[in-house]
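Enquirer: Make a model of the complete structure from these sequences and hints.
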Amino acid sequence: MTHWHITSWVVALILVFVSYGLYGSGKAKGAKITHMILRLFYIIIILTGAELFVRFANWNGEYAGKMLLGIITIGLMEMLVIRKKKGKSTGGLWIGFIIVLILTVLLGLHLPIGFRIF
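Going by my numbering, the letters in the sequence shown line up with residues 1 to 118, in that order.
Think of the hints as simulated: they come from the structure by calculation, not from any bench.
None of these values were measured; they are calculated from a predicted model.
Fair warning: there could be bad hints in the mix.
To be verified - In the DMTMM-like style, the derived pairs of lysine to aspartate or glutamate whose C-alpha atoms are separated by at most 25 Å in a straight line are:
1. Lys27 - Glu78
2. Lys29 - Glu62
3. Lys88 - Glu78
4. Lys32 - Glu78
Expert: Structure representation (structure tokens):
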């Protein structure tokens, strides 16, 4: 299940950049399609993350923190794409998104079911 989770958020990150770029270049139809696929991947990420949490977390605070950071990351991804679609500024959101994404990935790698990079 860990591999499904990691694959889904990697694909979601790629789709965020594709959707963002398509909205920026004025290709609304393609952007809308990739944005809807991105939303499907949000659901997959949440479901696989919840399954990992229930199976392995033993209600540990670090896992709960990781889950909260993951939900915030998904929210920031959606906000980036929506604000780009509406033509609004996204500078501050990018900074917040990158910081929260790095924290989420580092915490995920630190946890016992993560990969041992450190």
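Enquirer: Now tell me, hint by hint, if it's right for this structure.
Expert: Cross-check of the supplied hints:
1. Lys27 - Glu78: holds, 18 Å
2. Lys29 - Glu62: violated, 40 Å
3. Lys88 - Glu78: The given pair, whose Cα atoms are some 14 Å apart, holds under the 25 Å limit.
4. Lys32 - Glu78: Judged against 25 Å, a Cα distance of about 13 Å means the pair holds.
In the structure shown, a violation is registered for the earlier hint numbered 2 alone.
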